Amino acid sequence: MSVIFEQSQAGRLASLHQNAPAESGEATLPESLLRQSPSGLPEVSELQAVRHYTRLSQKNYGIDTHFYPLGSCTMKYNPRGAHRMAMLPGFLDAHPLADDSLNQGVLACLYELQGMIGDLTGMAGVSLAPMAGAQGEFAGVAMMRAYHTARRDDARVEILTPDAAHGTNPATASMCGYVVREIPTTDQGDVDVEALKQMVGPQTAGLMLTNPSTLGVFERSISEISAIVHAAGGLLYYDGANLNAIAGRVRPGDMGFDCVHVNVHKTFATPHGGGGPGAGPVGVSERLLPHLPMPVVVREGDEYRLQHCDERPGSIGRMSTFHGNIGVLLRAYAYLRLVGREGIARVADYATLNANYLMARLRDAGFQLAFPERRATHEFIISLKPLTDATGVRALDVAKRLLDYGFYAPTIYFPMLVPECMLIEPTESESREELDRFVDALTAILQEARENPELVKTAPHKTPVSRLDETRAARKPDLAFSRG
Amino acid sequence: MSVIFEQSQAGRLASLHQNAPAESGEATLPESLLRQSPSGLPEVSELQAVRHYTRLSQKNYGIDTHFYPLGSCTMKYNPRGAHRMAMLPGFLDAHPLADDSLNQGVLACLYELQGMIGDLTGMAGVSLAPMAGAQGEFAGVAMMRAYHTARRDDARVEILTPDAAHGTNPATASMCGYVVREIPTTDQGDVDVEALKQMVGPQTAGLMLTNPSTLGVFERSISEISAIVHAAGGLLYYDGANLNAIAGRVRPGDMGFDCVHVNVHKTFATPHGGGGPGAGPVGVSERLLPHLPMPVVVREGDEYRLQHCDERPGSIGRMSTFHGNIGVLLRAYAYLRLVGREGIARVADYATLNANYLMARLRDAGFQLAFPERRATHEFIISLKPLTDATGVRALDVAKRLLDYGFYAPTIYFPMLVPECMLIEPTESESREELDRFVDALTAILQEARENPELVKTAPHKTPVSRLDETRAARKPDLAFSRG
Amino acid sequence: MFCRIELFFRIELFFRIEGGMPFIPHTQEDLRIMLDAIGAADVEALFDEIPANIRSRDAMPNMPEALSEMALMRLMRERAGQSGAGLNFIGAGAYEHHIPAAVWEIAGRGEFYTAYTPYQAEASQGMLQAIWEFQSMMCGLTALEVSNASLYDGATALAEAILMAVRANPPKKGPDGDRPARVLIPASVHPKYRQVAAAMTRHQGIELVEPSFCAKRGAASMNGLNLVEDEPFSALVIPLPNFFGSIEDVDTLTDWAHKRGALVIAQVNPMALALLKPPGEWGAAGADIACGEGQPLGAPLSFGGPYFGFLTCRQKLARQMPGRIVGRTVDKDEREGFVLTLQAREQHIRRAKATSNICTNQGLMTVVAAIHLSLLGPEGLRSAASACHGNLNALRRRVERIDGVSLWFPEAVSFHEMVLKLPMDAALVVERMRGEGISAGLPLGEWVEGMDNALLVCVTETKTAEDLDRYAAALSAALHREAGA
Amino acid sequence: MFCRIELFFRIELFFRIEGGMPFIPHTQEDLRIMLDAIGAADVEALFDEIPANIRSRDAMPNMPEALSEMALMRLMRERAGQSGAGLNFIGAGAYEHHIPAAVWEIAGRGEFYTAYTPYQAEASQGMLQAIWEFQSMMCGLTALEVSNASLYDGATALAEAILMAVRANPPKKGPDGDRPARVLIPASVHPKYRQVAAAMTRHQGIELVEPSFCAKRGAASMNGLNLVEDEPFSALVIPLPNFFGSIEDVDTLTDWAHKRGALVIAQVNPMALALLKPPGEWGAAGADIACGEGQPLGAPLSFGGPYFGFLTCRQKLARQMPGRIVGRTVDKDEREGFVLTLQAREQHIRRAKATSNICTNQGLMTVVAAIHLSLLGPEGLRSAASACHGNLNALRRRVERIDGVSLWFPEAVSFHEMVLKLPMDAALVVERMRGEGISAGLPLGEWVEGMDNALLVCVTETKTAEDLDRYAAALSAALHREAGA
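Residue numbers (UniProt numbering), protein chains in the order written: chain C, 1 to 484; chain Y, 1 to 484; chain W, 1 to 485; chain U, 1 to 485.
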């Protein structure tokens with residue numbers, strides 16, 4: 001399909017969106033400051049633009065079109081109602097610097113959302129400011145650093161993470177100026193507690209952990225881990241990536257965590273939009289309260305207002321120009337109000353039920369489980385190593401072939417500990433019938449791989465393009481349109 | 001793709017849309033009146049419903065996805081802005097029987113729309129009540145009848161239409177209790193004026209005509225025709241199906257018509273929605289004013305109000321429970337405000353330019369024009385008779401093959417006068433590049449038909465289903481899902 | 001050194017002078033190339049077959065200059081702000097219901113929204129399947145076998161149902177030749193429906209007879225019917241609920257009509273059918289045709305439209321059905337697919353002999369209804385209907401406590417609408433309550449002779465206990481003010 | 001004979017007791033089958049690896065009972081009605097612009113809206129191509145060669161640009177070992193941007209130096225810069241327009257920094273670039289990095305987000321770029337296609353050594369921007385920018401006529417924002433004008449020392465001559481009231 005620039009024609013003036021100033025008059029821009037070169041924007045009609053982007057959209061899988069069992073990403077149904085509510089004119093027209101008195105409606109939603117996230121995480125205070133999970137992590141680690149600094153406990157230069165952690169964990173620790181050390185994992189998927197004991201010490205600023213872990217299992221020794229780190233003077237950071245598995249059943253605060261971020265596009269059903277925007281609210285225990293990023297919404301009598309940095313001098317500061325990704329937070333708020341107190345626990349129940357069911361069925365269909373002795377949480381891992389060894393068909397090939405069967409692919413090659421792995425997360429919003437179809441597809445592909453491996457290795461065959469040359473993309477980067 | 005009922009599972013309760021009454025209390029419905037049998041509605045989750053209908057939509061061509069050169073249907077760009085405006089909460093919440101004082105905003109739009117349609121058609125009064133073109137026709141013919149009846153001119157029992165007319169014309173005349181007689185067409189596509197002269201008389205109630213005609217040419221003798229019918233005591237009805245060709249250039253009123261309907265989904269860019277809703281406002285000359293269908297919006301000082309039947313006793317009555325397809329009319333209003341006085345004439349200019357360009361290019365590519373001596377209006381006809389004779393490939397086959405090339409097909413086998421015809425209407429909103437691509441596709445199909453006729457006869461090949469068995473559908477009607 | 005702001009106007013000038021236009025993609029270069037290909041000197045030449053004496057490019061006093069989308073959106077937001085019924089208790093044929101957000105999000109997708117009638121089935125499977133599913137749902141709700149793909153609205157659907165019934169069951173020839181067809185349409189049917197039916201059927205020799213209703217129940221009375229049964233009739237219309245919100249004795253009426261050789265046309269509120277016995281099960285044999293207003297199934301009030309009419313019938317009447325019908329079939333590879341079918345009934349084939357002149361119907365609204373009903377499901381629709389009914393009763397309990405307020409029809413069984421008897425002119429009460437932001441109902445004085453003090457009040461699932469309290473308080477105040485004045 | 005209304009409650013009961021839930025499709029039958037397949041007695045058993053002592057199913061005092069979509073929509077409509085800035089003249093980093101209706105109609109389509117990051121390229125070509133087109137547009141607007149696929153917002157984009165510049169141009173080792181990297185970020189840069197940059201860079205040994213601005217022009221002063229050039233620095237940030245709406249002398253500043261071995265980071269309003277010289281053309285060599293707030297390109301104000309940050313740079317800096325980048329390539333049949341590329345910079349590959357920890361960015365907002373810019377085209381964007389500028393001047397002419405009102409920076413050259421000097425506390429004036437439904441601007445007292453009487457006023461293309469008249473009248477009245485009191 002041609003790119004929009006190839007549909008452009010110089011001199012086409014088909015825009016409805018031309019505007020003239022309210023009145024004519026002398027302008028005040030010196031000619032020397034004016035742009036002389038073309039901006040290169042496409043010149044197309046409204047119909048051309050609408051048709052182009054409508055057609056592009058059709059070349060994309062989303063939850064609204066396909067089962068999307070992308071492990072670690074919690075691709076559950078994104079309620080359309082939440083979208084419509086967040087797009088109500090009053091919310092869209094709200095200027096972030098207008099007086100709080102004009103924005104009581106949106107502030108009320110944000111205040112209540114802080115409370116609900118506090119409830120779910122077992123934390124004493126919440127800031128909605130971080131604009132994505134990774135920024136939430138940054139805020140969390142920065143608060144841990146601010147805590148140690150405030151106590152003049154300056155020798156703590158290390159952050160520990162499990163070797164199976166999301167890449168954002170070590171990357172964040174780095175951005176906060178810490179050295180990262182990785183803790184090994186046992187063959188049952190747990191943190192190696194003995195190794196941990198060896199690694200902690202006066203140099204330990206904290207531990208970053210997600211529980212359930214990225215291996216799709218619940219970290220059973222969490223209380224012990226927490227005690228070890230705390231005893232060494234470190235803090236515990238909870239990566240909320242997998243909160244959907246336990247929301248309403250067990251709270252990070254009760255596991256001993258000092259600090260939590262949540263990904264609203266996972267547990268709270270906000271859309272991922274092909275890469276964002278998300279939001280990564282952070283919750284903290286009492287001792288980190290002074291360091292929360294700003295702003296925070298507070299209630300005084302019947303009035304809501306934004307609290308800014310000058311009111312919380314220990315704050316790690318601002319994460320964004322204004323107050324964060326409000327539109328996304330409103331969607332999360334709407335979702336939580338729609339499912340309510342009863343519902344949020346059922347989410348974890350059925351997400352776990354679906355994962356365990358799918359795991360059992362795939363095991364029965366001959367797939368190798370990474371942790372056959374363990375319960376699945378809301379996700380689980382299979383390894384295609386035996387298949388690869390036998391046929392040369394890799395996890396990547398199977399993933400691509402799934403696209404032909406009308407499924408988005410699970411996460412592959414993450415976590416890196418399990419060879420040829422697929423991390424599969426069905427979420428609670430998929431029906432049993434859909435899971436059964438997915439099992440059928442994987443089973444059929446297994447058969448294909450044995451009988452006709454080439455078919456699978458050259459997949460996908462039914463998508464708008466066949467397998468793309470990523471090596472060439474990196475070697476000869478073609479990153480922008482050029483008329484040359 | 002499965003139908004929604006096949007995704008249903010008894011006992012699934014996944015709706016967000018359960019509601020309880022404000023309070024409990026004694027109900028007043030006797031058990032004998034209650035429904036006992038199941039309604040058969042599907043039991044699916046919100047995700048299942050969203051995914052099902054989203055996927056269904058992807059199996060449909062629309063203007064937003066494809067060039068849609070459907071002759072006589074004026075498939076031009078439907079502005080998204082008009083959609084958004086018509087869907088503003090105040091308009092959606094307006095109850096048709098609420099006091100006019102609560103609805104001044106919507107009434108103002110409707111009043112102004114009446115005026116704009118009056119301007120464009122050269123008519124003295126307009127009613128927006130008819131809910132589609134065919135209902136506009138009904139209103140028009142009913143007004144002609146009411147006019148004759150009011151004058152006690154009761155012997156007029158015949159309506160004349162050209163043999164090339166839309167089927168709605170004779171069907172409407174029938175519904176109004178008239179006998180229909182068809183006037184022959186000359187080989188230049190004009191009404192046979194000599195025949196007309198023979199046919200008119202004291203039995204003639206009126207003539208229904210569209211100009212430009214369904215043959216894609218302008219009826220040059222319109223003034224003479226009008227004089228003949230009027231001299232015989234008949235009235236002239238203008239079918240506004242083809243108004244897009246002449247809007248702002250020549251008005252039905254100036255051609256001598258007494259009555260007009262317009263299709264807002266054609267000239268005024270409202271969406272056709274896969275079959276409607278449309279709207280078919282009618283305009284009339286002075287003498288038919290007393291008979292306009294109700295309601296009509298009137299202005300008194302700064303106030304707008306709806307005029308009802310009791311204020312216009314000669315009215316043919318109501319066309320709908322309330323005031324017509326208001327949401328559609330608001331879109332038409334928005335479109336007219338966006339293009340404005342200058343724009344509406346340019347619409348006709350460029351619609352005509354596109355049609356004549358496409359006709360010239362297809363002629364050069366070897367296609368046979370139905371009326372090679374004539375200018376195209378906003379549409380034109382080619383005949384594939386030579387191809388059919390040579391290869392057996394019919395217009396239907398070429399139409400189906402066009403779908404494979406990513407175009408919706410032109411209208412085929414209408415008007416019935418031209419064998420193996422295609423009525424092609426590009427509209428003003430398509431670019432020259434798109435027309436060129438369409439020529440390329442038709443040219444390629446011509447080649448295919450000569451070299452590999454089977455390929456074309458079995459088309460389409462790239463659509464979600466291949467050619468469907470319409471005969472079987474009619475012989476063994478399967479019109480609704482049954483669980484049996 | 002400073003450029004003048006006029007420089008910035010060059011685009012606007014371009015529009016005026018050089019021919020740019022919002023929805024027209026042509027450049028000046030295109031224009032030249034295209035005129036060359038045509039062999040015309042200018043655009044003017046393309047219109048040379050139009051006689052000069054009838055051309056007119058001006059005289060459009062009501063047609064304003066173009067506005068940008070920005071300017072028009074602002075105007076329309078203002079106008080939308082000057083529209084809407086506030087806290088609304090008016091029904092009378094158009095009902096305020098909750099519409100799931102997903103309904104219009106999907107129905108508004110370009111592929112549905114900007115498609116034409118699905119003439120090319122292979123490129124229109126989405127629309128066709130959605131309509132077929134809609135047909136199936138309407139058959140299920142009405143318990144009849146065949147549905148069409150929609151008519152304009154409830155009133156025109158009734159008119160088409162009458163025409164259809166007369167075609168299927170024409171009057172026998174009388175001693176003096178043709179007799180007019182008679183159809184009984186009780187006065188408890190919505191007055192506007194009766195007006196539309198009259199307007200649409202009057203040219204086909206059909207006489208609509210309007211038996212009176214019972215003063216106690218606000219429903220068709222057997223007395224009224226017996227008064228008009230002296231001559232044969234083709235059909236009886238039975239509304240459920242009727243204009244007054246009352247529930248008719250559908251079993252008795254159906255059997256009465258069938259016994260007299262007439263067909264039964266059920267004119268029903270589809271949401272009510274979630275609770276009430278469906279037409280196909282009325283009386284011993286069931287109604288023959290059902291029709292009604294589809295608005296409660298996903299159409300916003302929108303000042304009266306677009307809504308849609310539905311029409312279902314017994315299998316044997318299928319070929320008398322007006323309008324489009326979608327059927328399921330197979331493609332050449334035996335895959336299931338959908339097409340428009342039984343088109344021999346329609347105007348584009350049958351022309352003057354078609355079952356109706358209808359062409360464009362309310363296609364998108366049937367997609368809306370299919371999505372709406374899928375999202376609600378049987379229990380969602382039932383719970384909404386139940387909440388409507390429960391809320392009506394809850395309001396009734398409140399207003400009956402107000403001095404001077406009672407039910408106009410003391411023995412009426414109501415679904416979600418009732419007629420209140422007030423101690424003064426209802427129009428005046430409504431006007432006063434409007435001052436409190438409440439649209440209190442429809443005063444019936446202008447609608448039915450002798451009902452000046454009657455107020456038709458509708459309550460749907462959208463109302464909360466607080467809303468009902470507010471209504472009762474405002475009504476009480478409006479009446480009290482009179483007493484005090 | 002009458003059923004009780006409680007009957008109708010059975011659905012609600014089902015929800016509470018039997019486990020139905022809005023977004024969970026499972027029937028009781030499913031539950032049984034699935035537990036059987038798993039070999040678990042009940043759902044509880046699936047959680048048996050969680051130690052009992054840390055489990056908690058209650059204690060959620062802030063978590064209310066579920067609402068139906070209908071009830072929540074009503075609540076949210078009320079809350080939306082309690083939000084919004086009225087007739088708004090506040091800018092300061094978030095600007096009210098017209099957004100064509102088609103933008104969000106398309107961006108909101110499920111295929112874009114509900115997709116994840118396009119890891120499986122073949123099933124994500126729509127998103128990938130749209131992002132690539134977005135990247136191309138940002139390169140065009142800034143006249144630089146490489147763009148990433150977005151950052152969170154303008155402030156974080158500036159912070160990432162600073163980190164990037166320091167990586168590309170690190171400080172030389174001093175005599176005493178490592179020296180901190182210094183970056184000059186003039187005090188005319190938005191204060192919140194400076195705060196965010198400080199929060200995000202402080203742990204990496206970067207010192208942000210803030211040269212003062214000129215009191216007459218409200219722009220960076222050479223004096224201020226010369227005072228801080230004693231030590232080497234990695235980069236200079238140049239805002240355009242700056243926080244005060246003023247236009248900096250970008251050519252001189254760029255050359256000044258380059259001469260001193262520093263990189264130049266342009267922090268720009270992308271809409272302004274339709275009129276103003278793009279970063280790639282500043283000075284002799286052009287800026288090296290451009291970043292900014294993408295909000296003016298299709299994001300509604302939304303109380304501050306979601307917006308998006310953009311970041312473009314010279315080719316040679318591409319591998320220092322943080323965040324995702326989309327590249328064009330071919331498939332095995334040599335058809336063009338798009339993939340995420342140069343991923344070796346990113347956290348999921350590089351982990352602790354990544355260029356940034358960013359993972360989720362503002363993907364959908366780049367689709368919004370691509371559609372928005374396609375609909376406007378170069379002339380649409382230019383006309384909007386021109387109208388903003390023209391309207392600012394039109395307002396300036398009006399308010400300068402008011403006694404006591406003048407420009408705070410008398411020699412400022414402004415784009416669409418200006419600082420007014422008022423004869424009294426600006427916060428009080430704003431409060432009074434709020435009573436007239438006008439958000440009059442941002443009082444700078446709390447933002448900049450000594451600017452209590454300063455009001456930052458923004459005017460965009462959305463304002464009409466009447467709006468400007470209304471503003472001037474309200475301002476005059478607000479000041480007059482003081483005089484009269």
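Check each hint, because a few of them may be wrong.
Stated by the list, open to error - Derived DSS-like pairs (lysine-lysine); straight-line CA-CA distance at most 30 Å:
hint, chain 1, residue 1, chain 2, residue 2
1, W, Lys-332, Y, Lys-385
2, U, Lys-259, U, Lys-316
3, U, Lys-421, U, Lys-172
4, U, Lys-172, C, Lys-197
5, U, Lys-173, C, Lys-476
6, W, Lys-316, Y, Lys-476
7, C, Lys-462, U, Lys-172
8, C, Lys-476, U, Lys-421
To be verified - Calculated from the model, a selection of chain U residues having no Cβ within reach of chain C, i.e. all distances over 12 Å:
hint, residue
9, His-26
10, Leu-128
11, Ala-143
12, Ala-168
13, Tyr-193
14, Gln-204
15, Glu-248
16, Pro-278
17, Pro-423
18, Ala-474
Honestly, the hints are just simulated from the structure, not real lab data.
Given the structure is predicted, the values throughout are model-derived calculations rather than measurements.
Glycine residues also receive a C-beta, built at the ideal position from the N, C-alpha and C atoms.
We went through each hint and held it up to the structure:
{"no.": "1", "hint": "W:Lys-332 - Y:Lys-385", "verdict": "holds, 25 Å"}
{"no.": "2", "hint": "U:Lys-259 - U:Lys-316", "verdict": "holds, 19 Å"}
{"no.": "3", "hint": "U:Lys-421 - U:Lys-172", "verdict": "violated, 45 Å"}
{"no.": "4", "hint": "U:Lys-172 - C:Lys-197", "verdict": "violated, 40 Å"}
{"no.": "5", "hint": "U:Lys-173 - C:Lys-476", "verdict": "violated, 34 Å"}
{"no.": "6", "hint": "W:Lys-316 - Y:Lys-476", "verdict": "holds, 14 Å"}
{"no.": "7", "hint": "C:Lys-462 - U:Lys-172", "verdict": "violated, 54 Å"}
{"no.": "8", "hint": "C:Lys-476 - U:Lys-421", "verdict": "violated, 54 Å"}
{"no.": "9", "hint": "His-26", "verdict": "violated, 6 Å"}
{"no.": "10", "hint": "Leu-128", "verdict": "violated, 9 Å"}
{"no.": "11", "hint": "Ala-143", "verdict": "violated, 6 Å"}
{"no.": "12", "hint": "Ala-168", "verdict": "holds, 17 Å"}
{"no.": "13", "hint": "Tyr-193", "verdict": "violated, 6 Å"}
{"no.": "14", "hint": "Gln-204", "verdict": "violated, 6 Å"}
{"no.": "15", "hint": "Glu-248", "verdict": "violated, 10 Å"}
{"no.": "16", "hint": "Pro-278", "verdict": "violated, 6 Å"}
{"no.": "17", "hint": "Pro-423", "verdict": "holds, 22 Å"}
{"no.": "18", "hint": "Ala-474", "verdict": "holds, 15 Å"}
In this structure, the earlier hints numbered 3, 4, 5, 7, 8, 9, 10, 11, 13, 14, 15, 16 are contradicted, and the remaining ones agree with it.
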